[in-house]
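If you read the sequences in order, they're chains D and C.
Using the numbering used here, the final residue of the first sequence is 1657, and nothing's skipped along the way.
Using the numbering used here, the final residue of the second sequence is 1332, and nothing's skipped along the way.
No lab work stands behind these hints: they were computed from the structure.
Quick caveat, the model's predicted, so the values are computed rather than measured.
Treat the hints with care, since some could be wrong.
Residues from chain C shown here face chain D by an in silico Cβ test under 8 Å; the list is partial [what the hints assert, rightly or not]:
no.	residue
1	Ala-875
2	Asp-897
3	Ala-914
4	Gly-938
5	Ala-940
6	Val-1126
7	Thr-1283
All C-beta atoms in this analysis are idealised placements derived from N, C-alpha and C, irrespective of residue type, glycine included.
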Amino acid sequence: MTVEHVEIRAGAYADSVALLQVSRDVAATPGVVAAQVAMATELNLEVLAGMGFTLPPASPNDMVVALRVDDEGVVPAALAAVDAALAAARKGAAGGGDTTLAAPRTTGSALRRAGGGLALVSVPGASALVEAMDAIDAGSDVMVFSDNVPVEQELAMKRIARDRGLLVMGPDCGTAVVGGVGLGFANTTEPGRVGIVAASGTGCQQVLALLDHAGVGVSAALGVGGRDLSSAIGGISTMTALDRLDADPTIEQVIVVSKPPAAEVAAAVEEYAAGLGTPVRFALLGAGQPDITTQVEGLLADLGVAVPEWPTWGSPATSVGGSALRGLFVGGTLCDEAMLIAAESLGGIRSNIPLSPELALGSDLTAPGHLMIDFGDDGLTRGRAHPMIDPTLRLDQLTKVAQDPETAVVLLDVVLGHGAQDDPAADLAPAIAAARAARDVPVVVACVGTSADPQGLERQAQALADAGAEVHLSNAAATRRALALVPGGSL
Amino acid sequence: MTVTQPAPSQAPAAVAAVGADMFAAAVEAQAVPVERVDWKPPMEGTVDDLATVAADPLRRDANALAVKRMLDVQAMLVGVAPASELLGLEKGQFLHAGPPIEWARASGPLRGALMGAAAFEGLVEDPEDAVALFESGTDVTLEPCHHRGAVGPMAGVVSPSMWMFVLEDPATGRRTYCSLNEGLGKVLRYGAYSAEVLTRLRWMRDSLGPLLAEAVTAAGPIDATAILGQMLQMGDEAHNRNRAGTLMLMRDLAPHLVRSSRPAEEVAEAFAFVGGNDHFFLNVAMPACKLALDAARDIEGSTMVVAMARNGTDFGIQVSGTGDQWFTGPAQLADGLFLGDYGPDDANPDIGDSAITETAGIGGFAMAAAPAIVRFVGGTVPDALATSRRMREITIGENDRWPIPVLDFAGAATGIDVSSVCRTGILPQINTGMAGKQAGVGQVGAGLVTPPASIFPAALAALAERTRERAGA
């Protein structure tokens, strides 16, 4: 008989990443059956209710400590573990050095102390504009990693930044490389003559990974946020980023990669780019448009570099029956690209980021037939960490779809680089192996990364291949291989 | 478009990181210096208004202008004269500290001061008889000092016969006013109205006032802004410690006092009084601060606080971008030390216009400049340093004319930003005296106090509303 202990800590705060670590540490305490320490956001309260906890009323500014323990005697030790883990999580933010000098409380204060520089904002989306405006007021460029930023706030900050000659990378900008320094989720590549403008984090990472394999360096990859080429935003940051890259004499060729853009915005940006001195190639996803890998091959041709063979690991996957393609992604653009490729032969694919509205999935994320889920979408990250950091939701779903006899093939992505999990294969490979032990379903993985990434491309890919997956560096290639295993899917 | 930022192929010199620590750590691992923000969610219910105000295209320049206008003011002491002459105050008209209030809601010390002032003006024989006068409300009016360009410490009661300092900004001719300081202990501004209080007020009216008027006129304008700058180098923070400032003012006036037309005995009495009252300069510092802050009023889009004031019941603030509107909440009890046998139960909630000094970046904001009095208000030297640094998290700029030596001559934190207060939850720190809550008691202690937190989100909401109206217009 277990005992439940739930307490609300009004006004206590730590970010979702720190709390994930705290929850894990506490769950590892002897006698603790389950532990969840989280901010009381709507989503987290649902998760807690789902775990069977009874919750008192709480506001999103409160922290919930929910414990299920073997017996009442364990509670003090578990709470001590909570406090110790929270204290450890705080250490990073307080910084070292002179103990009489408290850490800055706003981005503006931090920039004053640093004497300028770039701002990196990853607070909850509702507060992101306020921090970003501090940077814009201080004359600094800003990368906004935060998602769930209202579109009108994005427009407001980008307009003001444009008027002051500043660049807003984001919001929901997962990836940037500035002068070889990776910001957010970024892959480690050599500096070089290519510049990237990316309205897509994982799209950018795919370009970085493929160029790295081809031996071509990238000095700057300026993320602009997934909505920058929408009608609402009109490509404001894309044009600023193009100006910056054009003015940089070390950059000889630019590639713009984006999720499906608004047609009129794409046209305007292409016209703008045509007036620049540096050649610009556009890799804009859309029905009937070339995939990212094809565009990178074109870029290599522009540069006079031979196109290499894109690497694969593991033995070719084989069919065990079933009729549906099931894609489970952490990268939104990789999901988009896979849907665009698959839709050509399979038709409509249900998704939480559907290519057209009638294909939208319900909140249970299940539907008969072909299905692709982007676990990095705003709707699934509210109040919790990105799936590149916290894989729990996707791993749960992997087990479910693999056992579904309708599933013909499971298509996955793994994205490496700074900011991502230290060792994603450590969670994913056993999950794939377990799923295949229950039902020998083929699993195809796009593993996007470089050899110099902290996780190591080869090591990760090999671990996944050893678990029975067929692994590709190119997401487009992985998608086509998966299609070949779906009835009616071959092109 | 001019590209002024470093080329994108060059690594950033530094990164300011706010949010998840893993991103900061990843940048640091790539050998780029990182300044981490200790971010916490903003005050409850302010998220949307903060975003609206932050995105206001007027805000940045409006705040920069507000600070510039404030810092451009040179506050010169140009005269001393009766309130009736300076403000046209008539018999039965009383000014008081803080936001507007009526007799029924007035606190003990404000009532006591009004009762004393009514007797001083001859409206009643006995101060106790004034209760009926103020209760009836006929023939008497109450109005905030701030509405007449004036400020008053503690109860801040001003009546027509009281003499006032006149501060002037020579560039614009704008003026502000404050009564003469009566000293500590049993004094009108702390709500005392005994015979000795009234006797002192009469002496100030008949002797000190005219004498100072003569000396100030003869001395010519005295630069109060410059004296304030020097005070901070001499251990004063210009709210609870004004010792250096008082002596500097006396030094400037001394030759002119001696040469005045008044008898030597009167001059000696004045010297003894001013020399024995370390707070004498407070009543020059306050209108000097108000003169500077008034220059920052009425700038559309500015989120800067231009007044903090308390009447013993309510604590109110006014903000540049919202005109004359007061945002009020309950005045708090100070935390500090008590005189004699007095204790927390004897103290009245926070009172006085003297928080104008904190609004201008001195007083509690400059606590690091005045280590000698940190214990008087119940603190320690490290507390004082931490407080002065913490106030920089909620201010817009700094005042180079008011440097704080121990902070490596960093200028006083200047221009409280309503948004920053709501974002950080850091409340302005005020050093204050404590009045007895019973009318007539006088001072019971001194300590530290903050405004009620609720008034900042209220001011922010009004700023956001104006921003939305402008955007919609």
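Min Cβ distance, Thr-1283 (chain C) to chain D: is it shorter than 8 Å? Interface hint status for Thr-1283 (chain C): holds (4 Å vs cutoff 8 Å).
Is the shortest C-beta separation between Val-1126 (chain C) and chain D less than 8 Å? 48 Å, violated
Any CB of chain D closer than 8 Å to the CB of Ala-914 (chain C)? Holds. Min distance 4 Å.
Checking hints one by one. Is Gly-938 (chain C) an interface residue toward chain D, by the C-beta closer than 8 Å rule? Since chain D brings no Cβ nearer than about 40 Å to Gly-938 (chain C), farther than 8 Å, the hint is violated.
Quick check on the hint: Asp-897 (chain C) CB to chain D CB, less than 8 Å? 4 Å, holds
Agreement of hint Ala-875 (chain C) with chain D interface, Cβ distance less than 8 Å: At 4 Å from the nearest chain D Cβ, Ala-875 (chain C) passes the 8 Å test, so the hint holds.
Hint Ala-940 (chain C) vs chain D: min CB-CB distance below 8 Å? 44 Å, violated
Of the numbered hints listed earlier, those contradicted by the structure are 4, 5, 6.
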